Structures are given as structure tokens and as C-alpha cells.
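*Asks:* Modelling step: build the complete structure from the supplied sequences, incorporating the hints.
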Amino acid sequence: MLFNSLDFLLFLPLVVGLYFGLPVRFRWLLLLVASYVFYAWWKVEYLLLIVASTLVDYLCGLAMGRRPTRRARRPFLILSLVTNLGLLAAFKYLGFFADSLEALLGLLGHPTDVPTLDVLLPVGISFYTFQTLSYSIDVYRGKLEPERHLGYFALFVSFFPQLVAGPIERAGNLLPQLHHPRPLDSLRLRSGFFLILWGFFKKVVIADRLALYVDPVFAQPHAYTAAHYWTALYFFVFQIFCDFSAYSDIAIGTARIFGIDLMENFRRPFAARSIAEFWQRWHISLTTWFRDYLYTPLLRSGGRTSRARWFSSIFIVFVLSGLWHGAAWTFVLWGALHGLYLIVGLLTRPVRRAFWHGLEQRLGRIAPAPAHAAGIPDLSRLLLRLRGGLAVLTTFHLVVLSLILFRAASLSDAAYMAAHLLDFTGSPALPGFSFADWAIGLGSIGLLEAVQWIDAHVIRLETWIETAPRLVRWGLYYLLMAIVLLLGVFDRRPFIYFQF
Amino acid sequence: MRLSQLVGKALAFFLPPLMAVELTIRLLAPGPFAGVRRLMDFYEPVRTGPAPVHYLFIGSSRVAAAVDVPAFRRALGDTVATLHIYNLGQGYSTLAEHYLALRRLPDSLLQGTVLLVGLKHGVPPGDLFTDTWHGLWADPRWPLLLSPILRVQDLPAYWWRADDALRAKLTVTAGVFLHSIRYGRFIRGKVRTLLDQLPRRLGLRPPALSGPSPLAARGGIRTDSAGIAEVRRQILAQMRASEALRPDSLIPDWDRTVFADLVRLMQRHGGRVVVFNVPLTSWHRLTDRSTPEKMQAFRRWARRHDVLVLDIPADYPDEAFPDLVHLADTYAPDFTRKLAEGYLKAHVPNWSSR
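These protein sequence lines are chains A and B, in that order. The numbering of the first sequence is this note's numbering, which starts it at 5 and goes up by one. The numbering of the second sequence is this note's numbering, which starts it at 263 and goes up by one.
Careful, some of the hints might be misleading.
[Claimed, not checked] No more than 25 Å apart at the CA atoms, straight line, and that leaves these computed lysine to any residue pairs for SDA-like: (1) Lys271/B with Leu105/A; (2) Lys271/B with Leu13/A; (3) Lys452/B with Ala486/A.
By construction, these hints were calculated from the structure, which means they are not laboratory data. The model shown is predicted, which means the values in this text are computed figures rather than measured ones.
*Replies:* So this is what it looks like as C-alpha cells:
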């Protein structure tokens, strides 16, 4: 079931009504049934995958909980890993590996038809497998007591608001909340509803509007020029942010109505001053997953941490993160590029610091203290701001450029676009993308940035909305609803991250 | 907070603006929404027009595009417009919708009416059986067309019997009661048009466009590879949609189809049903065919039930279909003339010698 569908708009109030109408002891059951219905809306058969993953991890968790040492728990961890990664490999990566093997054998002069499964990618498989894996690993590490109630565990795996596109929750955060449901709370309802509306705004007004420009350009890059490429890239960076963060907002808002707090998944990523910071602000639940379950073990394995091990760990994590996003070489290279960004950033950090420090000292000699006395901001502060601004701009553009690989349909398309990025001819105006589209697209990006700035620097909107007077609150809700209904694009375009 | 309080608050939040919008639209319906209302309630011109209706064309948007009423009138020799002729071809309409709408017309309008039904390859879809009314009542691409046609008392049958998706049923039902649902997409279109007109109103020059043009309903055909790929994509999507609407299998009993009911309805009023083929592109002529057995079975049934089936020569070049679906305006009079002649030849004895 898509969040941006009539089905969901009817499903949600129904489930909310039933949830709070039921005695507390049955609420988990209702949420579990609702979650399975929500998932089965796409394809009933794929419920079997979730159920299989749930049962295996539940039993492995119980078995690990009964064994005191890591050594004794290890076989069950391996079973959990093999099952979940096996599901991922079979349903997501088999075709990719088979195609790559075929291409390789063809290049070596041994063309072979490698058999593969011709199945549709189950929606959200990368998300729920990672969520259950985190549970198994935490139980293995002894950080978490295994969940003994199969129903609650099944609900942890399949909790519908975050089932298909995250945030990838940790059992330590979600399970206790499922065990102890909160009562219906008007404050939570207010901020939850606001987040849902804000998510709809980002999805149908911004992301799906910008997609009208981005999709044709990336579908046929040869038919367009550099002006289109740049516009499409700038639009795509906002499209993917709005698309994905909208899903997170709606998921967090929906869960909040049920009294459950999900983790934050985005924190103004375009304000990042480095690629490392970008990843601390973008898809936080995935980044922290990779940090806790892959990067840290890689770094700590084998004793002393050398610089080579550090960098290779970063690189491996980002390549795998790219592969997680999609079974295609474009995604692998996109991940590798981000790994390289990070490594080059770390390598050049001393040089950059020295440069700015030197510049500050040199300017300090040219224009010493009196400027400050005249009420003009201190030169070093100005320099700091300039440095920060440049860092934000550079990081943003590094991200934008990497998206060529992320969004291009093939490596050859990506190469063609990259090679022609500087061939400026014509205007970015696109037939079929009218003035209204430009006005709505750019205007809503402006509104988004303004709201995010206010949220970060003036007042936290989620908290403000909880205590704002009803007239203001409802006015804001009506305004958002009117914008969504009048300016949204309603072609039931799925969320981009569903494919991952 | 209790659940009852939540329900109360939800009602207090949603109902007043919904009622305000609904009231505004209903008040404005005769004015700004008049055009939209005609589009949605496409039988209105007939319902409010003079009786009896002499010739009524029904079918899809292909009929709307291919039939030129003045040309038909000329071919019939009706120089002073004494005949009441309507072209009610409508995009995304179904035969069920036409039947339900005709059934609601006053008897006086349908006295002796010739109903000309434009169909692909001259064969009606057999997806709806009127003894059970199972099947699709509305086209999933625009279910709201059914809303002005359905009466409130039809709703239980629609929910119980129609195979329309739950989403379509909800939309149609909401559309029966709420004009804001019916006209929602047009209001959004109006906002968009207003925004698009803004630069012109401000005296700004539109920027030069570059890149391939999108397909236009009227205009040139794209021949670039992107255009062809896009057209193929659209056609395949259409074919899949039409497959969903009309699984092309042999019809076990033509008497039970909605088309048979349509024939009986017209004949009860002393009228006649004429079926004609709509012009198709070479692609559709080749790929979107009914089986010969089905076509023969239908023709045998048509002969038995006094339904005239016309084979109008309509081998127009693909350039005559600007969007690869609808016949261009410039070709419509020619097709209509052929249609009128075909009808007169078959219907009026010794017409060709006159």
C-alpha cells in the first residue's frame, strides 16, 4: 500500500480507530494484522518472506539467548545471516550477479547463459532484512535480551509505518514501545498529523513535481543538453531528499499517532560541511546500521587500526552501501565514489586546515583589530563563515554530481552525461514542464528550505505545533492540505526507496 | 484523550471545510464549472435537448474524434438542421456507462432513435453480463465518469456486483454525493492554468524550449527514437489497460451482454442500433484485433437481432492520428461522410441510385 494513495488514507484512520478502541492487550495483534495487510496489498505471496525471516530470527534469537558464550551463539547468528542475506541475494542480487557473470564470460570469450530467478523484487526487503539482522547481531553480542513473544517480534519486523522504506529501527528502541503501548495523546496526535501532512507536501508537491523534469532527462540523456542535465541534477537532489524524507516523515508521524517514537532519519543533509557529516544527516538509520554492524567490526578486526585498514573499511562500507541501494553497477560506483570522497576528505583535511589557518593569520596581519571595534564582525568570524559556506557548497555539489551515477539508467548514460556536463547550449526550459511546474517546483523548494531553517535555528516545529493555539494549528493544517490538494501531482508514483 | 473525543475532533476538523468547498462548487457549478460539468455529465446535452433524438453516436474518444456531426448532417441532406444529432463519444467511457445513461433518459427522447455505436473492429466488448452485472462498470482510468450516471439506488448493486476496484468504487460513490470530488482534478487544472498564464499577464516573454517535444493530442508525430519509445510505452500501457477491461475471449452468450441490453432498450423505443468500426492506426489494426471467431459470432448475433454492422473503409495513414490514437480533425469529415453513406446504403433501399 502506498502512503500517497487513497487506500492508505482510508486504511490509517480505520486502524487508528480500531487500535485505540481495543483493549490494550490486543493492540499488538491489531497492529500486526494491519501490518501484514499493508504489505500484502502489493503481493500476498511476499508475506511468506517476511514470515520466514521473522520465524528464523525469532528462533535464532531464542537459541542464542539460551547460550552463554559468543562461541556457542555463533552458529545461530550465521543461520540468521545466511537466511536474511540469502533472501536478499536471491530476490535482489541474483539477476545482477548473473548478468555480471554473463558479461564477464562474454568478455573472456566464453558466452554463457547464466540461469537466474525471474521474480519481482519484494518491496522493502532491504529494510526489513537489515532490521531483523540488527536484532540477531545485538542478541549475539549480548546487548539485547531475545524477545520471547513471537507476536511482538513479528510486529517489530513488520511494523507497517516503517516496513518498506525505514527508518531501519533497532529492537532496543522499538520492542519496549510495542510492549508498553501509550494511550491516545493529543500532543502526539498533533505533531504526528503535522508530520504526515508535511510528508505529503514533500512527496506530492515537491518530489513528484520535480520528477516530471528529471525523469525524461535521465530516460533519454542523448536528447538533452548540459543545461538540462544540471537542472535535472539539482532537481533530483531535492526530489530524492523530499521523496525519501517524506516517507520517513509519514512513517514517523504515523507511528507517533500510535504512541511509538521512531528514530530520526534526516537532519538537514544539505547543510552538511563534509561528506562525513552528510552521511550523519542523510538516511541516519542506514548509516548508523553500517557503522555499528559493519564499519566498527571491520575496523576492529585483526588488532591495531592502521590508516590502510581505516580507509579500506570506509571504502568497503560505502561500496556495500551502494550495493544495498540497488543491484546495478551504477549504484556500486556511486557508493565507491562516496567512499573516495570521504577518504580524500580525510587525507586532505590537514592541508585544508593549514590553508585556512594560514589565510586567517595573513588576513589578520593585513586587517587587524580595529574592524571589530567599528562594529564590523570579526575577520576571523567572517572567514569562518566563508569557510563554512564554501564547505556546504562543495559538499552539496559533490553529492549532486554523484547522483549522476545514482539516477542514470546505465553506466554508459552516466558517462555520457558526465562527459557533456560542460557543453552549455540552449536553455533548461523543457517542453511539457510548464511555467506552473517551475513555479511550484522552485517555490516549494524555497518553502522547504525556509521551514527547515526555521526548524533548525528558530523553533523546533514539531514541538511548537504541539502547543500552538488551535486556530494557528488548524490554519496551518488547512493550508498544507490545500497546497497538497491543489498543487500536488497525483499519479500514484511510488517512493523511490521502495525499489531498494 | 478518549477515542470518542478523537472522532469528534476529526469531524470538527474535516467537515466544515469540506462542506464549505462543496457549497462553493455547487453554487459556482452553473458558471465556471459549466464546461467541466458538460464533460463529466456528458449526457446532459441530450437530456436537456429537444425530443426526439434522431441520431446518437456513442463510444470512446475515438468516436468523439472521428465523427463530425455537421458532415454527417450534410451527408443526410439535412441542410436546415431539423435532425437532432449528437456525438457522445467520450474518452474512458464504458459501454455500461452509456447503457446506464441511456436507460435514465426520458422515453420521449429515444423514440425511433438511431444509435450509432463506434467500436474497435466493429465488435462490442463482452466484459459485462447484464444478468449478473459482474464486470467493470467504469474505466479504472476515469471512474468518476460513472458518478453523474449512477443513481443513489444503483449504488448497492454497484458495490455488490461490479468488479471495479475498491478504490474506484469509493471514488465513484464519493462522486455521486460530492461535487468537490467530481470536479477536483479540474479545479487543480484551473490553478495550474492560472499559474501558466502568469508570465503572459505580467508581460514576460516565455523562454525558448529545447529538447524533444512531448506528444500532443493535436500536432505533429514525433519520429525521434525517444518519441517512438514513449509512444510504444503508451500503447503497451493502453493495450494492457484494455486487456484488463476486455479480456478478448469468445462471448458465451451475446444475449447476456450489456450490448444486447442496449439493443433491446433502443428497440423498445422503436429505434435501431448501428455498429461501425472506428479508424485505427496500422499498429492498432494489427495488434488490437478480436479473434475472427468472435467477430463472426457477433455478426451472426447482430443479424438475428436487426443490428446493422457497417464496415467503413478507414485505412488512414498513421499521420492521420496525431497522438497515434485519435483521428485528426481534418480527416473526421471524410470518415463521417463514408460512415453516413455506408449507413444510407445499408439502411435506405436503393439509396445509392438516388
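*Asks:* Looking back at the numbered hints, which does the structure fail to meet, lowest number first?
*Replies:* Number 1 - this is the single hint that the structure violates.
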